[in-house]
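Undergrad: Put the two chains together into one complex; each comes in its own frame, and the hints tell you how they fit.
Letter by letter, the chains look like this.
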Amino acid sequence: DVKVTQSSRYLVKRTGEKVFLECVQDMDHENMFWYRQDPGLGLRLIYFSYDVKMKEKGDIPEGYSVSREKKERFSLILESASTNQTSMYLCASSLRTGSTNTGELFFGEGSRLTVL
Amino acid sequence: AQSVTQLDSHVSVSEGTPVLLRCNYSSSYSPSLFWYVQHPNKGLQLLLKYTSAATLVKGINGFEAEFKKSETSFHLTKPSAHMSDAAEYFCVVKGGGGLTGGGNKLTFGTGTQLKVEL
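Chains A and B are the protein sequences, given in the same order. For the first sequence, the numbering used here gives the first residue as 2, with consecutive numbering after it. For the second sequence, the numbering used here gives the first residue as 77, with consecutive numbering after it.
Only chain B is shown next, with the shape it has when bound in the complex (with noise of 0.2 Å):
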């Protein structure tokens, strides 16, 4: 079984600042793990994935995440956080088992809110 816990419901930082957006995963085997992004009242939008080559994953719009298996932890950082970064952000695992077809079962965290103030 898998799963996946984001650890803030809400963060809030001041523009300029660095954005931590926390997330640590269970997973039977070795994991394909995911950050997506949503602005109000779109899709989600996949911001970066890790798929077991390189542990520090760069992704769009200046985020990054470093797959960590000792914490079991995939955190979303960002060096300096833009008004336009505020949206709510999933943390996606995906394990080697579940849907047939080869449609890998993905579990998604319950999310995080961003909030970027002036």
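Okay, chain A solo, but in the shape it has when bound (with noise of 0.2 Å):
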């Protein structure tokens, strides 16, 4: 079975501290995202990787890196929290888009962060 693990379901911070999100993926996949999900935002992008040290912004970049040392695994960091990062993030991945695949996203089951 298809699987995307979030390994923190939830997390509380405080203002200034450094955040790591980590995400692991078992189906191979090329692609892979982080998403931020805030009630009547629906979902933003924030970053996307589309192979191994490769990444690109999405809409919502600012406050936010990210790494992708191994295929399998894509990290999300938050260098210095801030309040207005309180939200659900989701990970995802995907297979590279082709003419055969119409790119459907695997989602994990999200990380809540609070930060105070």
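Keep in mind the hints are simulated off the structure, nothing from the lab. It should be emphasised that the depicted structure is a prediction, and the values quoted were computed from it without experimental measurement. Careful, some of the hints might be misleading.
What the hints assert, rightly or not - Computed cross-link-like contacts, DSBU-like style, restricted to lysine-lysine with a CA-CA straight-line distance of at most 35 Å: (1) K71/A with K144/B; (2) K19/A with K71/A; (3) K56/A with K125/B; (4) K58/A with K125/B; (5) K118/B with K134/B; (6) K144/B with K4/A; (7) K58/A with K19/A; (8) K19/A with K56/A; (9) K19/A with K118/B.
As the list claims (entries may be wrong) - A few chain A positions that, by computed beta-carbon distances, are all more than 10 Å from chain B: (10) L12; (11) K14; (12) V25; (13) M28; (14) K72; (15) R74; (16) S76; (17) L79; (18) S88.
Backbone N, C-alpha and C define an ideal beta-carbon position, used for all residues, glycine too.
TA: Right, here's the structure in full:
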């Protein structure tokens, strides 16, 4: 069965702390994504990676960075957490889009981060 | 540029009655369209997808959606709601341009919360 695992379901951090959110997929997918989900705003793309060590900014990258050292692992880093980064963070993966692949996303269960 | 509008933020139905969740899209390309469902405290799960084959798409759990190009719509329906259908539903459009490396950009709607009452 397809699996995307986010190691931390719930985190509480203080303003200014460095935060790491980890995501691992076991499907050998090339693409991995980090989204932020807020009520009434849907999902917004933070960063995207299409290969090891490759990354692209999404719609809201400010205040975030990412790391992809291995194909199966994609980390989201908040260098200095702020209260406006309190949110649900969703990791997803997909095959590289091609003629026979529609780019369906497979999601983890989310990491709910509270910054005090 | 592409966008998707979910016309209702909340929909409430009685168990056993039909469900209609509305979605309109805008895309410069021939789009791929998806509906995802999110149950409380869970990630998103694919319900169904349209990729330029049949315009009536059947998904899991009895849901279906019809692609109407003339109306730029992709509404989600189910003939008879069940309590387990209570969840948030997202309409998603994937266009032809966007992210490099073959990861075409997806745009999510703001979601429709479905409530099912006894």
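Undergrad: Each hint: holds or not?
TA: Now the hints, each set against the structure:
1. K71/A with K144/B: Not OK: K71/A and K144/B at ~41 Å, beyond 35 Å, violated.
2. K19/A with K71/A: Holds: K19/A and K71/A sit about 21 Å apart, inside 35 Å.
3. K56/A with K125/B: Holds, because 26 Å separates the two Cα atoms, which is no more than 35 Å.
4. K58/A with K125/B: holds (26 Å)
5. K118/B with K134/B: holds (23 Å)
6. K144/B with K4/A: holds (33 Å)
7. K58/A with K19/A: Satisfied, since the Cα-Cα distance of roughly 20 Å is no more than 35 Å.
8. K19/A with K56/A: Holds, because 20 Å separates the two Cα atoms, which is no more than 35 Å.
9. K19/A with K118/B: The hint holds at about 25 Å.
10. L12: holds (14 Å)
11. K14: Nearest chain B Cβ is 20 Å from K14/A, so the label holds.
12. V25: It holds; V25/A is separated from chain B by about 14 Å at its closest Cβ, greater than 10 Å.
13. M28: M28/A is indeed farther than 10 Å from all Cβ atoms of chain B, at 14 Å.
14. K72: Answer for K72/A: holds, closest chain B Cβ roughly 13 Å.
15. R74: holds (17 Å)
16. S76: Check passes; 17 Å lies beyond 10 Å.
17. L79: holds (20 Å)
18. S88: Given that every Cβ of chain B is farther than 10 Å from that of S88/A, nearest at about 14 Å, it holds.
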